[in-house]
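Just so you know, the sequences run in chain order A and V. Residue numbering for the first sequence follows our numbering, starting at 1 and increasing by one per position. Residue numbering for the second sequence follows our numbering, starting at 1 and increasing by one per position.
Wrong hints could be hidden among the right ones.
As the list claims (entries may be wrong) - List time: in silico SDA-like cross-link candidates among lysine to any residue, alpha-carbon distance up to 20 Å:
id, chain 1, residue 1, chain 2, residue 2
1, V, Lys31, A, Asp49
2, A, Lys128, A, Glu190
3, V, Lys187, V, Ala176
4, V, Lys11, A, Glu139
5, V, Lys31, A, Arg63
6, A, Lys128, V, Glu8
7, V, Lys11, A, Ile135
8, V, Lys31, V, Glu20
9, A, Lys128, A, Arg64
10, A, Lys174, A, Arg78
11, V, Lys187, V, Leu202
12, V, Lys200, V, Pro190
13, V, Lys11, A, Met181
14, V, Lys11, A, Thr158
15, V, Lys200, V, Phe185
16, V, Lys42, V, Phe59
17, V, Lys31, A, Val60
18, V, Lys11, A, Asp129
19, V, Lys31, A, Arg64
20, V, Lys31, A, Ala14
21, A, Lys174, V, Glu8
22, A, Lys128, V, Glu15
23, V, Lys175, V, Met201
24, V, Lys11, A, Val186
25, V, Lys31, A, Val25
26, A, Lys174, A, Asp143
27, V, Lys31, A, Arg29
28, V, Lys31, A, Thr67
29, V, Lys187, V, Glu167
30, A, Lys174, A, Asp160
31, V, Lys31, A, Leu13
32, A, Lys128, V, Glu20
33, V, Lys175, V, Arg186
34, V, Lys200, V, Arg186
35, V, Lys175, V, Pro195
36, V, Lys31, A, Ala62
37, V, Lys187, V, Thr203
38, V, Lys11, A, Glu190
For the record, the hints were derived by calculation from the structure and aren't laboratory data.
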Amino acid sequence: MEEDARSDEQLMLAYGAGSAAAFEVLYARWRRQIYRFLVRQCASTGTADELYQDVWLRVVNARRQYTVTASFSTWLFRIARNRLIDHWRSESRKPVVEMAMADDDEADPLDKVAAPDELQPEKIMERKDRARLLIDAVEALPDVQREAFLLHEEGGLTIDEIAMLTDVGHETAKSRLRYAMTRLRVQLEECRP
Amino acid sequence: MTAGHDDEVQKIYCEGSAEEPPVAIDRAILKAARESVAPAPKPQIPWWLRFALPLQLAFSVVLVAMLALTVDRNPQDAPALTDSAEPRQGQGSPANEAEARLSAPQASNAQARQVERKMEAAPVAPRVPGKVQGDSAEKALAGDIAAPAGVQSSEAASPSDWLAAIERLAAAGEKAAAGVELAAFRKAYPDYTVPERLEKMLTP
Numbered sequence: 001m002e003e004d005a006r007s008d009e010q011l012m013l014a015y016g017a018g019s020a021a022a023f024e025v026l027y028a029r030w031r032r033q034i035y036r037f038l039v040r041q042c043a044s045t046g047t048a049d050e051l052y053q054d055v056w057l058r059v060v061n062a063r064r065q066y067t068v069t070a071s072f073s074t075w076l077f078r079i080a081r082n083r084l085i086d087h088w089r090s091e092s093r094k095p096v097v098e099m100a101m102a103d104d105d106e107a108d109p110l111d112k113v114a115a116p117d118e119l120q121p122e123k124i125m126e127r128k129d130r131a132r133l134l135i136d137a138v139e140a141l142p143d144v145q146r147e148a149f150l151l152h153e154e155g156g157l158t159i160d161e162i163a164m165l166t167d168v169g170h171e172t173a174k175s176r177l178r179y180a181m182t183r184l185r186v187q188l189e190e191c192r193p
Numbered sequence: 001m002t003a004g005h006d007d008e009v010q011k012i013y014c015e016g017s018a019e020e021p022p023v024a025i026d027r028a029i030l031k032a033a034r035e036s037v038a039p040a041p042k043p044q045i046p047w048w049l050r051f052a053l054p055l056q057l058a059f060s061v062v063l064v065a066m067l068a069l070t071v072d073r074n075p076q077d078a079p080a081l082t083d084s085a086e087p088r089q090g091q092g093s094p095a096n097e098a099e100a101r102l103s104a105p106q107a108s109n110a111q112a113r114q115v116e117r118k119m120e121a122a123p124v125a126p127r128v129p130g131k132v133q134g135d136s137a138e139k140a141l142a143g144d145i146a147a148p149a150g151v152q153s154s155e156a157a158s159p160s161d162w163l164a165a166i167e168r169l170a171a172a173g174e175k176a177a178a179g180v181e182l183a184a185f186r187k188a189y190p191d192y193t194v195p196e197r198l199e200k201m202l203t204p
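Here chain V stands alone, though its shape is the one from the complex (with noise of 0.2 Å):
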């Protein structure tokens, strides 16, 4: 036994080994290899959805955009809104604001049907195209005053008629509900004169 003996075992032993691994096997095995270590796939999203942040930003910001020039190219959009929904809260025509006492929590309940029945006995005043009426409506036109919207309206009573409904109910001795009435028309007419006549009948 010598290692040159050995050396020659080997030597053939080489020489006779020729055989190999399949190429097929060769490939599953290096595909495997690759795949056990590449990263996971990544879940698919349609191309769509990729841009429905950039797509749903971009919407806000013109929808945003044409909101602000709707409202800078209509300025009076607002106030007018608001101009017309003021009337509707303070002021009235007398028929519209005797409703609004009636209803009122605060008016007593008598005084309330005091007032409502002497309303509905007094005849409703005709719309009668009086100067006063055009006066303040030119007024009103011409902006110098802000004309109640009862009074703008064609179905309220021009001051005259409702002074002289006024009157009526102080003659017919309600003083309290003429007060009322009376204070009701200064605050809708505070440069309307009111006859000195009244004044004295209504003076206590």
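Looking at chain A on its own, in the form it has when it is part of the complex (with noise of 0.2 Å):
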């Protein structure tokens, strides 16, 4: 299948106009990424599908107000992003937004941070261990952190768009980042055979 050259915010207002064809494709292009996105940070598979469903309904419904204002993958990752946040909420945990203010005082997060018991070394030999490690290790991080790496990594969004979509500062979304990578790093250094 040719791929659709234009991009995705030209796709979404396409779809907006009334093209199917075009939220296929954009679809297609995120789909992945909105689902890690979600299951990393949910406790259980079945409630991501549910928040998953319900994030693109609430694309497909938005259609017609889509105005690009920024990047389609910020745009997305929002309405992500608020879809757990009422889950959260419903759940009574607590949402990462709370847990801002004592991210960037932290003196050292990796104190704070209990390693699984598979994340010892000599438990993990192979790449495929190490690449399963590390997705714990994501899943065990600190929410902000956890969110942080995670627009980065699958939503490619930059530090600015991070901050922008957290509601913090540049600062702030590049301490979290910075935390995260560090503390992913250090547990794949130890899991070293």
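The task is to assemble the complex, starting from two chains supplied on their own in separate frames and drawing on the hints.
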């Protein structure tokens, strides 16, 4: 199938104008990223499935109101994030936005992270296991760091876009991402045979 | 912290990220997206209703054509109706005309009563197949003259009987009524010769 050269924003505008084919291209581009963004932050796959469907249905319903004020990925991940926060609130879980204050003052975030048993170096010998280990490490990250990491890795968002999406300053977003990367890298080094 | 280490983290993360949404959810989302931009379904119309207007037009055309052909093939129908209607209004037998005059508002009540009395007193003229009647009938059949409908009636009196009744009326002293009757007679039979004796009786 030939790649559609149109940008995400153009595709979304085309979908708003009535082109279902444009939505299909857009969906194919972003389905995995959005799903992983949700699945890494939900306790169960079933919940992630439900939220995932809900996010895309919100995109469908918002097709007429869509205007290009930011990149499509920023707009899409904002919808996903808001849906996730709604879910956490309904589950009486503290949303990530409320954890933002203590994040930058962390002296050493690694001190508060307990390495799971699966991360013991002697148990991880193969590359596949390392990948699995990293995924687990991502899921074990503090909420704000995990969110920043996923927005960067899955959504491809820049520091500024992450800052705008999460309503924090540039330095805060940059710090969160840096801490997340450091933690993950340390986890990988510890598991290296 | 180096970019190379970050790249390694990202690479390993991508290798371990194989999760994908279920196919059923994919289908549901794409279906919802297609339906959202699909045009609203048109209301179902029975197949026969789609032909209602053409059928009505065709039926109207056929009806008009049939009426036109019927009138075209029977051109005498309408004039025949007119011919039969006219004598009823303007011409009739003496008795009928007398009745019409009796009911006419412009006739004086006294005169009308006299005429009615005389006409009732006078015996109804029997239908005598005389020469004049036969001539009138023949002329009517030949189309030479338009015979009054009253004369053609089997119960109508012949001109001679009518004149005899007028003469009796004049002899009884009802010259005004006789004059009216004579005028009606002349109108009905303009070619019929009135006896001089009757005209002298009515001359003042």
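Checked hints:
| no. | hint | result |
| --- | --- | --- |
| 1 | V/Lys31 <-> A/Asp49 | 16 Å, holds |
| 2 | A/Lys128 <-> A/Glu190 | 16 Å, holds |
| 3 | V/Lys187 <-> V/Ala176 | 17 Å, holds |
| 4 | V/Lys11 <-> A/Glu139 | 17 Å, holds |
| 5 | V/Lys31 <-> A/Arg63 | 15 Å, holds |
| 6 | A/Lys128 <-> V/Glu8 | 14 Å, holds |
| 7 | V/Lys11 <-> A/Ile135 | 12 Å, holds |
| 8 | V/Lys31 <-> V/Glu20 | 18 Å, holds |
| 9 | A/Lys128 <-> A/Arg64 | 43 Å, violated |
| 10 | A/Lys174 <-> A/Arg78 | 18 Å, holds |
| 11 | V/Lys187 <-> V/Leu202 | 17 Å, holds |
| 12 | V/Lys200 <-> V/Pro190 | 18 Å, holds |
| 13 | V/Lys11 <-> A/Met181 | 12 Å, holds |
| 14 | V/Lys11 <-> A/Thr158 | 18 Å, holds |
| 15 | V/Lys200 <-> V/Phe185 | 16 Å, holds |
| 16 | V/Lys42 <-> V/Phe59 | 28 Å, violated |
| 17 | V/Lys31 <-> A/Val60 | 11 Å, holds |
| 18 | V/Lys11 <-> A/Asp129 | 14 Å, holds |
| 19 | V/Lys31 <-> A/Arg64 | 18 Å, holds |
| 20 | V/Lys31 <-> A/Ala14 | 17 Å, holds |
| 21 | A/Lys174 <-> V/Glu8 | 19 Å, holds |
| 22 | A/Lys128 <-> V/Glu15 | 8 Å, holds |
| 23 | V/Lys175 <-> V/Met201 | 8 Å, holds |
| 24 | V/Lys11 <-> A/Val186 | 15 Å, holds |
| 25 | V/Lys31 <-> A/Val25 | 14 Å, holds |
| 26 | A/Lys174 <-> A/Asp143 | 15 Å, holds |
| 27 | V/Lys31 <-> A/Arg29 | 17 Å, holds |
| 28 | V/Lys31 <-> A/Thr67 | 23 Å, violated |
| 29 | V/Lys187 <-> V/Glu167 | 17 Å, holds |
| 30 | A/Lys174 <-> A/Asp160 | 8 Å, holds |
| 31 | V/Lys31 <-> A/Leu13 | 19 Å, holds |
| 32 | A/Lys128 <-> V/Glu20 | 18 Å, holds |
| 33 | V/Lys175 <-> V/Arg186 | 16 Å, holds |
| 34 | V/Lys200 <-> V/Arg186 | 16 Å, holds |
| 35 | V/Lys175 <-> V/Pro195 | 16 Å, holds |
| 36 | V/Lys31 <-> A/Ala62 | 16 Å, holds |
| 37 | V/Lys187 <-> V/Thr203 | 18 Å, holds |
| 38 | V/Lys11 <-> A/Glu190 | 17 Å, holds |
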